[in-house]
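Number of protein chains: 2
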Amino acid sequence: MSEVVVTERTRVCRGRKKARYDRETIYSILDEAYVCNIGVNIDGQAVVQPSSHWRVGDELMLHGSVKNGLFQAILRGETACITVCLLDGLVFARSAFNHSVNFRSVVLYGKGRLVEDAAEKQAALAAMIDRYSAGRSNDVRPPSDTEMKATAVFAFAIEEVSAKVRTGGPSEKPEDLSLDVWAGVKPVATLIGELIPDLPLTADSAP
Amino acid sequence: MSEVVVTERTRVCRGRKKARYDRETIYSILDEAYVCNIGVNIDGQAVVQPSSHWRVGDELMLHGSVKNGLFQAILRGETACITVCLLDGLVFARSAFNHSVNFRSVVLYGKGRLVEDAAEKQAALAAMIDRYSAGRSNDVRPPSDTEMKATAVFAFAIEEVSAKVRTGGPSEKPEDLSLDVWAGVKPVATLIGELIPDLPLTADSAP
Numbered sequence: 001m002s003e004v005v006v007t008e009r010t011r012v013c014r015g016r017k018k019a020r021y022d023r024e025t026i027y028s029i030l031d032e033a034y035v036c037n038i039g040v041n042i043d044g045q046a047v048v049q050p051s052s053h054w055r056v057g058d059e060l061m062l063h064g065s066v067k068n069g070l071f072q073a074i075l076r077g078e079t080a081c082i083t084v085c086l087l088d089g090l091v092f093a094r095s096a097f098n099h100s101v102n103f104r105s106v107v108l109y110g111k112g113r114l115v116e117d118a119a120e121k122q123a124a125l126a127a128m129i130d131r132y133s134a135g136r137s138n139d140v141r142p143p144s145d146t147e148m149k150a151t152a153v154f155a156f157a158i159e160e161v162s163a164k165v166r167t168g169g170p171s172e173k174p175e176d177l178s179l180d181v182w183a184g185v186k187p188v189a190t191l192i193g194e195l196i197p198d199l200p201l202t203a204d205s206a207p
Numbered sequence: 208m209s210e211v212v213v214t215e216r217t218r219v220c221r222g223r224k225k226a227r228y229d230r231e232t233i234y235s236i237l238d239e240a241y242v243c244n245i246g247v248n249i250d251g252q253a254v255v256q257p258s259s260h261w262r263v264g265d266e267l268m269l270h271g272s273v274k275n276g277l278f279q280a281i282l283r284g285e286t287a288c289i290t291v292c293l294l295d296g297l298v299f300a301r302s303a304f305n306h307s308v309n310f311r312s313v314v315l316y317g318k319g320r321l322v323e324d325a326a327e328k329q330a331a332l333a334a335m336i337d338r339y340s341a342g343r344s345n346d347v348r349p350p351s352d353t354e355m356k357a358t359a360v361f362a363f364a365i366e367e368v369s370a371k372v373r374t375g376g377p378s379e380k381p382e383d384l385s386l387d388v389w390a391g392v393k394p395v396a397t398l399i400g401e402l403i404p405d406l407p408l409t410a411d412s413a414p
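Heads up: the protein sequence lines correspond to chains A and B, in order. The working numbering applies: residue 1 is where the first sequence begins, and numbers increase by one. The working numbering applies: residue 208 is where the second sequence begins, and numbers increase by one.
Don't read these hints as lab results, they were simulated from the structure. Backbone N, C-alpha and C fix where the C-beta goes; we use that ideal spot for every residue, glycine too. Keep in mind that the hints are not guaranteed to be accurate.
Computed beta-carbon distance windows for the label pairs [to be verified]:
| no. | chain 1 | residue 1 | chain 2 | residue 2 | range |
| --- | --- | --- | --- | --- | --- |
| 1 | B | Pro381 | A | Arg16 | 33 to 43 Å |
| 2 | A | Leu195 | B | Gly222 | 15 to 25 Å |
| 3 | A | Val181 | B | Gly284 | 35 to 45 Å |
| 4 | A | Pro174 | B | Thr214 | 42 to 52 Å |
| 5 | A | Glu116 | B | Glu401 | 16 to 26 Å |
| 6 | B | Leu402 | A | Thr146 | 50 to 60 Å |
| 7 | B | Pro349 | A | Pro197 | 22 to 32 Å |
| 8 | A | Pro142 | B | Leu402 | 45 to 55 Å |
Heads up, simulated PhoX-like pairs for lysine-lysine below, C-alpha to C-alpha not over 20 Å straight-line [what the hints assert, rightly or not]:
| no. | chain 1 | residue 1 | chain 2 | residue 2 |
| --- | --- | --- | --- | --- |
| 9 | B | Lys380 | B | Lys274 |
| 10 | A | Lys18 | B | Lys224 |
| 11 | A | Lys17 | A | Lys67 |
| 12 | B | Lys328 | B | Lys318 |
| 13 | A | Lys149 | A | Lys17 |
| 14 | B | Lys356 | B | Lys328 |
| 15 | A | Lys67 | B | Lys224 |
| 16 | A | Lys67 | A | Lys111 |
| 17 | A | Lys149 | B | Lys380 |
| 18 | A | Lys173 | B | Lys356 |
| 19 | B | Lys274 | A | Lys17 |
| 20 | A | Lys67 | A | Lys173 |
| 21 | B | Lys318 | B | Lys274 |
| 22 | A | Lys149 | A | Lys121 |
| 23 | A | Lys121 | A | Lys111 |
| 24 | B | Lys328 | B | Lys274 |
| 25 | A | Lys149 | A | Lys18 |
| 26 | B | Lys318 | A | Lys67 |
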């Protein structure tokens with residue numbers, strides 16, 4: 001896949017060897033992560049909120065209450081800075097300084113486009129549901145008009161964006177390698193468990 | 208433990224029932240999470256970076272390269288907005304609108320205090336190492352003077368802060384409960400695997 005255009009804001013300055021600008025890497029990180037962080041300048045203060053995101057083609061999607069202050073700022077045209085970070089490992093070195101983590105992160109800058117077209121908005125929200133369980137949007141009760149109005153959906157072009165990836169073991173000075181200290185990587189993984197079914201009728205019928 | 212003082216910035220507006228202002232909850236979330244996100248206003252733009260954090264008493268600690276633009280802004284006195292989010296579950300409802308996630312998050316505002324005292328800085332960095340493996344700071348090669356100078360450590364008072372916690376199954380309209388759609392929670396957990404030892408001498412001695 002193609003590379004994105006690197007701008008002053010997205011050029012990785014610290015740890016340049018970890019920088020990735022290809023869409024394949026960027027999209028795979030965005031698609032794997034369940035949590036993003038959205039930062040917006042509100043009255044001169046950076047305000048950051050964790051949220052969930054999903055991708056539709058070449059756009060990163062966010063949704064939330066139309067009353068949310070952060071979304072109001074995006075609506076006013078503030079450029080958001082959206083980050084995603086997957087932690088892959090704890091890297092133990094023989095020297096304190098060279099301890100690190102293996103990770104895959106994305107930082108994206110962009111102005112949010114409010115998705116107003118009803119069909120596009122419905123398709124976007126369906127894609128979010130289907131991300132967590134394929135085809136589920138066809139099974140659940142679709143949003144009512146009131147629910148649709150309460151939800152804002154924003155699309156961000158995946159253009160001004162960069163990824164940063166660290167893999168592998170500790171990077172150490174040659175003279176540290178002979179130190180008698182254990183070293184290596186403890187892998188970190190996010191696991192999703194089996195469904196714990198919701199049984200409201202049992203609770204409702206309790207004495 | 209005591210509650211923190213709630214300010215306009217930290218009062219939870221959306222989903223007030225999920226708000227937590229007690230230090231026990233806030234500290235437990237900060238102590239469990241490996242990744243935070245730091246947001247700072249730089250030239251009118253919110254800039255967010257994933258990082259790792261740790262806690263020393265009533266302060267949240269960050270470290271990084273002294274050359275990092277975000278840390279430079281903190282040094283200039285910009286108030287940072289630091290977030291942490293633990294994902295605990297995917298919540299599947301019978302209606303599209305009521306899908307949710309179980310999570311525990313913290314949002315903290317504060318100005319960073321540059322840790323300049325050598326003994327305090329050493330103790331703080333040792334605490335970070337020990338967080339990942341108890342007592343390890345005594346075993347590894349300690350930082351050299353050059354390494355100490357290259358690393359900035361910032362302490363943020365855990366004062367202007369709030370937590371938000373969602374637990375439990377889907378919250379649905381009574382009329383949706385009888386829909387023939389599976390619903391419930393898939394738990395999400397972050398797991399740390401066994402050490403994959405670093406064996407650099409084997410690699411070095413390869414032909």
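- Message: Under the constraints set out in the numbered hints, which ones does this structure not fulfil?
- Response: 1, 5, 7, 9, 10, 11, 13, 20, 25 and 26
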